[in-house]
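J.: Sequence:
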Amino acid sequence: MVGTSSGTVRAATSWVREAYRRRNLVPATVLVAVLAVASIVTWTIVFTNSTAGSVTSCNPSPVAGAGTPQSADALDDTSAAAPGDVRVHVLNGAGQRGQAQLAAAELGELGIAEAAPPDNDPFYPAQDLSCVGQIRYGPEGASAARTLSLVVPCAELVADQRSGSEVDLALGDDFRDIAPGQEVTDALRALARQTATDGSGAPDAVPDAATLTQLRSVDCST
Numbered sequence: 001m002v003g004t005s006s007g008t009v010r011a012a013t014s015w016v017r018e019a020y021r022r023r024n025l026v027p028a029t030v031l032v033a034v035l036a037v038a039s040i041v042t043w044t045i046v047f048t049n050s051t052a053g054s055v056t057s058c059n060p061s062p063v064a065g066a067g068t069p070q071s072a073d074a075l076d077d078t079s080a081a082a083p084g085d086v087r088v089h090v091l092n093g094a095g096q097r098g099q100a101q102l103a104a105a106e107l108g109e110l111g112i113a114e115a116a117p118p119d120n121d122p123f124y125p126a127q128d129l130s131c132v133g134q135i136r137y138g139p140e141g142a143s144a145a146r147t148l149s150l151v152v153p154c155a156e157l158v159a160d161q162r163s164g165s166e167v168d169l170a171l172g173d174d175f176r177d178i179a180p181g182q183e184v185t186d187a188l189r190a191l192a193r194q195t196a197t198d199g200s201g202a203p204d205a206v207p208d209a210a211t212l213t214q215l216r217s218v219d220c221s222t
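Once you know that position 66 of the sequence shown is 66 in this note's numbering, the rest is easy, because the numbers rise by one and skip nothing.
Please keep in mind that the hints were generated in silico from the structure rather than gathered at the bench. You may find that some hints are simply not true.
Label-pair ranges, simulated between beta-carbon atoms [stated by the list, open to error]:
| id | residue 1 | residue 2 | range |
| --- | --- | --- | --- |
| 1 | T211 | P122 | 34 to 44 angstroms |
| 2 | Q127 | A209 | 29 to 39 angstroms |
| 3 | N59 | R97 | 20 to 30 angstroms |
| 4 | E140 | E114 | 28 to 38 angstroms |
| 5 | A210 | A126 | 34 to 44 angstroms |
| 6 | D186 | G65 | 32 to 42 angstroms |
| 7 | D77 | Q161 | 15 to 25 angstroms |
Backbone N, C-alpha and C define an ideal beta-carbon position, used for all residues, glycine too.
Just need the whole structure built from these sequences, with the hints factored in.
T.: Below is the structure:
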């Protein structure tokens with residue numbers, strides 16, 4: 001009788017221990033799953049931010065006089081020029097044959113003219129500009145650069161000491177094409193109307209600074 005009682009006690013004790021183990025195993029499993037998901041989300045954010053940074057921040061030029069990189073919001077308080085007042089010299093900084101000519105043609109369709117025929121980028125003679133590209137401008141070209149940045153929002157802004165309002169658009173290895181959305185196209189048309197001489201000007205249609213800044217707020221990681 002004593003043996004049976006002892007066996008029953010041991011069995012009950014074993015059952016309690018197993019139940020306790022299983023009860024504690026479930027929260028542990030849930031915790032591991034939660035930590036795994038959190039880790040994936042964290043690394044996804046890190047990777048996305050890293051990718052965005054890599055395409056908008058270019059590698060330094062080995063040539064003196066390449067200018068000084070600016071923050072993405074450096075021109076937010078600068079008024080945008082009408083597309084017809086913008087002159088751009090498109091430069092090939094990454095060795096993609098014909099890309100500069102195509103980009104210049106795409107800019108032309110938006111009313112932005114060439115300052116000079118497309119050429120290779122003298123500041124990246126090895127054709128190793130690693131980013132979307134650079135918009136280079138001098139003190140007199142800030143408004144033109146502001147307008148160009150609406151069209152190529154992921155390009156790095158670079159200020160130099162050139163004279164005149166002409167700007168350069170250097171294409172990097174992450175550049176694909178110039179294909180602004182409808183809102184940007186509408187903004188360019190509105191900017192063009194402000195200098196129209198045929199009576200079509202509409203000052204109230206000109207986008208304000210906040211609107212232009214919002215148009216440049218795009219995802220550069222894709």
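J.: A separate judgement is required for each hint: does it hold in the structure or not?
T.: Going down the list of hints, with the structure as the test:
The given range of 34 to 44 angstroms is respected by T211 and P122, whose C-beta atoms sit roughly 35 angstroms from each other. Between Q127 and A209 the beta carbons are some 36 angstroms apart, a value that agrees with the proposed interval 29 to 39 angstroms. Range check, N59 to R97: about 21 angstroms between beta-carbon atoms, so the 20 to 30 angstroms window is met. A C-beta distance of roughly 18 angstroms is found between E140 and E114, which places it outside the suggested range of 28 to 38 angstroms.
In this structure, A210 and A126 meet the distance hint of 34 to 44 angstroms, their C-beta atoms being roughly 40 angstroms apart. Taking 32 to 42 angstroms as the suggested C-beta distance range, the pair D186 and G65 conforms, at roughly 37 angstroms. At roughly 20 angstroms, the beta carbons of D77 and Q161 sit within the given window of 15 to 25 angstroms.
Violated hint for the displayed structure: number 4, the only one.
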